[in-house]
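J.: Residues per chain are reported as follows:
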Amino acid sequence: MNIAKKFRRRYLVKGGIHPAPMKSTASFVIAPGPAPDGVIIPLTQHVGAQCEPIVEVGERVLVGQKIGDSGEFLSAPVHSSISGEVTGFVRHPHPYGHEVLSIQIASDGKFELSPGVEPKGDPFEMSPEEIRKIIREGGIVGLGGATFPTHVKISPVQGKQIDTLILNGAECEPYLTGDHRLLLEKTREVIQGGLILKRAVNAREVVVAIESNKKDAIEMAQEVGGELGVEVISLPSRYPMGAEKTLIKTVLGREVPSGGLPMDVGALVDNIGTCYAIHELFYKGMPLVERVLTVQGDGIAGHANLRVRIGTLVHDVVEFCGGMVGKPGKLIIGGPMMGLAQHTTSVPVIKGTTGIIVFRGETFFSREPAHFVCIRCGRCVRRCPMNLMPYAFGAFADMSMWQKLDECHIDDCVECGCCAYVCPTKNPLVQLVKVGKEGVVRYRKKMGSYQEED
Amino acid sequence: MCATEKRWDLIRRRTELELRSDKKNIKPEDLLTISVSPHIQGRDTATLIMLWVIVALLPLTAYAIYVCGWSAVTVIASSIVGSVSAEFLIQRFRHVPVSIGDLSAVLTGLLLALTLPPRLPFWMPLIGGVVAIALGKQVFGGLGHNIFNPALVGRAILAISWPKYMNTSYLVHPKAWAVNTAQIKTINAVTSATPLFAAKQVRSGALQINEGTYVKPLLLGNPWGAIGEVSALLVIVGLLILLLRGIVDWRIPVCFVGTVVILSSIRGQNPLFAAFSGGLMLGACFMATDYVTNPMTSWGKVIFATGCGVVTYLLRFHSNLPEGVMFSILFMNGLTPLIDRYIKPRPFGHSKRSIVPAKEASEQ
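Keeping their order, the protein sequence lines are chains A and B. Note that this note's numbering numbers the first sequence so that position 121 is 121, with each residue one more than the last. Note that this note's numbering numbers the second sequence so that position 361 is 1361, with each residue one more than the last.
In short, the hints are calculated from the structure, not lab data. All residues carry an ideal CB built from backbone N, CA and C; glycine is no exception. Do not rely on the hints blindly, as some may be mistaken.
Below, a list of computed lysine-lysine pairs in the DSS-like style, where the Cα atoms sit at most 30 angstroms apart [unchecked claim]: (1) A:434 <-> A:404; (2) A:434 <-> B:1344; (3) A:327 <-> A:120; (4) B:1216 <-> A:446; (5) B:1344 <-> A:445; (6) B:1164 <-> A:426; (7) B:1164 <-> A:437; (8) A:14 <-> B:1344; (9) A:120 <-> A:66; (10) B:1344 <-> A:404; (11) A:426 <-> A:404.
Computed Cβ-Cβ distance ranges for the label pairs, DEER-style [stated by the list, open to error]: (12) A:49 <-> B:1250: 44 to 54 angstroms; (13) B:1244 <-> A:258: 33 to 43 angstroms; (14) B:1140 <-> A:146: 51 to 61 angstroms; (15) A:14 <-> B:1314: 26 to 36 angstroms; (16) A:366 <-> B:1122: 24 to 34 angstroms; (17) A:27 <-> B:1147: 49 to 59 angstroms; (18) B:1095 <-> A:366: 34 to 44 angstroms; (19) A:441 <-> B:1094: 47 to 57 angstroms; (20) B:1254 <-> A:444: 24 to 34 angstroms; (21) B:1077 <-> A:444: 54 to 64 angstroms; (22) B:1244 <-> A:237: 18 to 28 angstroms; (23) A:254 <-> B:1147: 34 to 44 angstroms; (24) A:128 <-> B:1240: 51 to 61 angstroms.
This is chain B alone, in the form it adopts within the complex (with noise of 0.2 angstroms):
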């Protein structure tokens, strides 16, 4: 029994005792209630945050699914089944109270389907979600509990399975209205990839492309890429709400996208081209952001978003993979406990230099 149970027991046992004594013929509904305070409570729970994350994500998502048709309702209804289902059914094995109302594992599907290519056939999202929570939440425990955001270990899990239909199912949305058919057709007879991948062959002298004519498609209506990659103005909008409702705060997307540009642009690339394109928008605003796995101190998010900066750089830079936002991520969840460890506020009332030797204070 833990302590809460304890304490709790012993408040539970003290008004039978009340109720069995000297006051025999009142109702239990007739007692009044004892707790601890705070007896009055914020407005915010767990469901409503889950609740407003969905509704900054809705306005990418529908221009996403009107840019890229029924193929991305697949792919997100497929994603959504799969997580909530799986949440469902791994909680009735393990005999603990079924959580799909809170919201999370549709979180979590919805925010998978974002970085999906939106042709991949329906099967694929739906072992994301399955994986997704089962490795990547459940497994440690259910919500709180899990080291690294589970729609990236989704989506690792399926891009490193099936590499192909990962990297070829982005599609040329013709509806994108900030690009012309003409430019998609110039763009898409040189790469059949992404922007980046695009910038990739520039660098390595195998495509000749000017970087500052895709900055106006990734922010508007980007033609290329995953489902929530479409427009980097929309995440920005969904960012917007959430830093209004006080949900997510503003130095881990600000560090994040910061770095990212400012070391990319050392190396010569646009600076724009580098905040809008690929997953990083989508990864800073909304991966990188995720309570579970980012630290708790401010300045612990500074490191964390700046750590995955680093790293974006780095594979984006100097490795083959076409997108690093995915590693940086979970590279940095898997730093966070680390963090949490040795970045601690300093407490009122103590000089800096006691906060350390706290330990060895009661060593002695």
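So here's chain A without its partners, still in its complex pose (with noise of 0.2 angstroms):
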């Protein structure tokens, strides 16, 4: 049996690359991040309806006091980050490349705790009701990126059981070492804050799943999650191996129907930055203000994993790490991978950023502009984690053909950017995929438009 889920792992799970790893991080103590002089967060750091602010210009707040807010379910309150006063709300760039209103703090220096910040009592005699409206209150959402809301994603469905939970710990991108440190100096910490999600979800089963490079983490993982009764997997190296649909396949051989969640096939998987924060949450009482982050790249000085304050500049980080080096290149907010490039150091720190990585003016990779040229090599096919044409939805969008691209199932492009990584010919396949996709729905809305009129 054991062999038989092994190879599965290894064979049976398509595609995928594997990039050089680059993780020098990966020995580097979690140290603190820059105290700054104030900060700016965005009221939309997260999936779903923006927050309205729910304190006054000239107010003073304090580290963890919740200072925006939204009626809606599909949103997370954000909080506090430093003790000091409210300067004005402005529009600010963020890192997901437009302006949002967000509130500028400046700092008074002495990170006050706000009253609010304390134990929250023994989670394993809450019910799940009490778990989610905690998770909720503590702007908890999810670490790896997506930032979707934690409290959406545990609260139940009529008819779906999660049978597994999944700690998702592969940190597949190059360069990022966050998670992996995470588990590695709060292992216990971590995996407590697992066990308090399967009580939110009464699951039957804990899975930390960590990628077969991060040896210590996994050996740390099995001797902690053996005192707990948590089970430890080994997943091939691979990237997207961190991406939630194939993750669920390579740990459980389930397939997440397309357009559906992980919940259709009674699995749930959680970052492990969200576990660490949830048991932050739940023992000391506070909320998600502060997150891990790797700082790497060659434009950048010092290279580290910073524990950073949420509405930190970049900026800020960027120099206390040194500042940067020769021309500067690309930033990127994220991994390599799939992070964003900024155009501007200004941005701050949300709870989605998982690293900042700096490259050099003289060394960067960048496509230029040309034509799309494919020398038909197969090699995308071969790669999508999720077994799709992208050489044709290159070709199609490209040509403005969005009902081709729709019927190629250009939905179910997760934009890893496997495809454009091994392309020989160095097309922009995601950003093809991404002009295809908005193709798509303008041509459906057309459609339906018409269907209507008849």
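Work from the hints to combine the two standalone chains into their complex.
T.: Given below as structure tokens:
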């Protein structure tokens, strides 16, 4: 049985690539980040409705105090990460590319805790509803980068039972090492957080899934997991092993249906960082006001794993790490495979910031604007973890053939970037997929309106 | 303006805006570059792949030149000159960027030369190279757009236009060390053509030879045949280089050669003779694996290669052509778009049934 499982994990999950890991920070202890003079906290840091500010300009706020909330279900409140005075509400650049209403707070340098920050009691004696409520109030979202509100994810859906909770420690993106360090340094806390989630969704099993290149983390997790009754699984090291659907298929052999949720196959995936944040929330009462991120790349003087307060400007973090080296090239929020390149360093660190990677101007890789040239080598088809045909997306999007794109299931693309990575003619396939998805939405709207006219 | 260009234009305009508005004294090279992920790239480029295929062909080419002498050099050189200059001139004429630097024209020229007999007059490979690039590739729009393998298009045109030259310019290479001179004389006395042609005559009862005696020379130093048919062993060495570099899919050569071997041995031919004679090894390892003209999916490749094998067998046993590899590959090249249309991978999270009705669903 076990051998069969291993075989399945190794061979039956298709696609994926092996980029150079570049995880030189894997041995760096998580260090406290900069103490900023001020923070800018965007009111949208999650998937869902934007928060409304619930503080006034000039008001004094404390660490962990809720400063923005929304009445919507699909939303998560934001909290102040420093103590000081609210100096204004501004539209500020956001890592996602647009400007977002944000709360500006000037620090008083004291980092005074809010009175609301106190242990919430034993979570294992609470009902799932209470746990969900506390998680919502703590502003917990998925910290792997997707920032989906956790309380929504663990809310029961009629007729769907979650049997396995997977703690995602794959961290398949090159350069990033934050989850690896958390697993090493806070193993018990992470697994405790997972157990709280298990209680909230009433799952039968908790599995910690770690890529096989993190041997030390696997050993550590096995040691602690053995005590707490948690299974540890070693995943093949391959990008995108940490993508939700790929992970579920690898660990459980179940395929999430197209357009469906992990819940449809009885699974729930949560990031290591999220579990740690949940532990901090229940045992220390601290809502999500800081996160671990990796600072890496050849364009920055110092590399580190930092615990950074949310709302700290990337500029401050870069300066804290010794500043940029060489000509400015690219500043990426997230990993190099799926991260977002920034046009300015004045964006704040948000809940979903897994890393800050800076590439030098002399050496960074950039796709030149060019026509779509395909030599039909088929690498993108072989590497696609979703079993799609990226070359067709590229060709059809380039020619604006939206109907064809729709027939090729472009909606199933997770934009992991494997196709663009292996493409020998360096076609910007992810970009074309993004263009294509927009076009397909427009096309469907148009077709819908035609049908209404008929 | 295509969608990609529009997108880039947007990004460029935005950077310019920032340049003009609040950061007037900042030079463009001081700005951060923005682009869509991924921000890293694999090492393989199209040029590098072409280079590796050429490298994989080098042992074979070198041995062929050693065996055939200067006549082979003339054929290879004029074929490459023909294809590269045709690519250059046509791209100039079409006002598109000249891409002879990507080595694909060089590779086409080399592959074409390897399918030609070594004693051709120099102008024939030259014409072949020009035709291969012009009618095989550029007429469809250049790299990646051709339907048929350009090198084989060139060879097909030559074979149809000058069949006399193409069928009689095979020479007996005295330096092929696997056969002794006496053997050459014996075989040469009864047939002046290639082993495959001899085998054909055997079947028609005109000749009595033992196919088994050909196997060793075909592997190690074949004195009869085209330049690239000089040694099947060196073709396999080239294939191994490509497989190790992950450039070709093993399915195509294995299925192609396997089908021919199985079908030929059913008809009583020596299986090793069937595998190593004629252009089969060269065709299966270097022609059928051409990226542009074979299907994208693994199962598509299997169908493509098996089809090539079946057609090769049919041509070898049921036609009066001496060799079937060239036409079989060209035939299956033509079917490739059709294979790609029907053989599609099952997308993740879709049940087998839901792949096909996607079109119906959108129509409803």
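J.: The structure should be examined with respect to each hint, and the outcome stated for every one.
T.: How the hints compare with the structure:
Restraint check: the Cα-Cα separation between residue 434 of chain A and residue 404 of chain A comes to about 15 angstroms, which is no more than 30 angstroms; the hinted pair holds. A hinted pair counts as satisfied when its Cα atoms are at most 30 angstroms apart, and residue 434 of chain A with residue 1344 of chain B qualifies at roughly 22 angstroms. Taking the CA atoms of residue 327 of chain A and residue 120 of chain A, the gap is about 49 angstroms. The hint is violated against a cut of 30 angstroms. With a C-alpha separation of about 68 angstroms, the suggested pair residue 1216 of chain B and residue 446 of chain A falls outside the 30 angstroms cut-off, and the hint is violated.
The suggested pairing of residue 1344 of chain B with residue 445 of chain A holds, with an alpha-carbon distance near 27 angstroms, which does not exceed 30 angstroms. For the suggested pair residue 1164 of chain B and residue 426 of chain A, the alpha carbons sit about 45 angstroms apart, so the restraint of at most 30 angstroms is broken. For a cut-off of 30 angstroms, the pair hint linking residue 1164 of chain B to residue 437 of chain A is broken: about 57 angstroms separates their Cα positions. Of the pairs offered as hints, the one joining residue 14 of chain A and residue 1344 of chain B holds, with about 15 angstroms between alpha carbons and a cut-off of 30 angstroms not exceeded.
As the CA atoms of residue 120 of chain A and residue 66 of chain A are separated by approximately 16 angstroms, the hinted pair is consistent with the 30 angstroms bound. The straight-line distance between the Cα atoms of residue 1344 of chain B and residue 404 of chain A is roughly 14 angstroms, inside the 30 angstroms bound, and the hint therefore holds. Between the alpha carbons of residue 426 of chain A and residue 404 of chain A the distance comes to roughly 23 angstroms, so the proposed pair stays at or under 30 angstroms and holds. A hinted range of 44 to 54 angstroms for the beta carbons of residue 49 of chain A and residue 1250 of chain B is consistent with their spacing of about 53 angstroms.
Between residue 1244 of chain B and residue 258 of chain A the Cβ separation comes to about 37 angstroms, which falls inside the hinted range of 33 to 43 angstroms. Between residue 1140 of chain B and residue 146 of chain A the Cβ separation comes to about 43 angstroms, which falls outside the hinted range of 51 to 61 angstroms. In this structure the hint that residue 14 of chain A and residue 1314 of chain B lie 26 to 36 angstroms apart at CB holds, the actual value being about 35 angstroms. Checked against the hint of 24 to 34 angstroms, the C-beta distance between residue 366 of chain A and residue 1122 of chain B comes to roughly 45 angstroms, which is inconsistent with it.
Taking the beta carbon of each, residue 27 of chain A and residue 1147 of chain B are about 54 angstroms apart, inside 49 to 59 angstroms as hinted. Take residue 1095 of chain B and residue 366 of chain A: their Cβ atoms lie about 26 angstroms apart, and the range 34 to 44 angstroms is violated. With their beta carbons about 36 angstroms apart, residue 441 of chain A and residue 1094 of chain B fall outside the hinted range of 47 to 57 angstroms. Our hint of 24 to 34 angstroms for residue 1254 of chain B and residue 444 of chain A is violated, since their Cβ atoms are close to 43 angstroms apart.
Between residue 1077 of chain B and residue 444 of chain A the Cβ separation comes to about 57 angstroms, which falls inside the hinted range of 54 to 64 angstroms. Look at residue 1244 of chain B against residue 237 of chain A: about 21 angstroms separates their beta carbons, and that is inside 18 to 28 angstroms. Judged by the Cβ atoms, the range 34 to 44 angstroms given for residue 254 of chain A and residue 1147 of chain B holds: they are separated by roughly 41 angstroms. Here the CB-CB span from residue 128 of chain A to residue 1240 of chain B is close to 59 angstroms, well matched to the stated 51 to 61 angstroms.
Going through the hint list in order, the structure does not satisfy hints 3, 4, 6, 7, 14, 16, 18, 19, 20.
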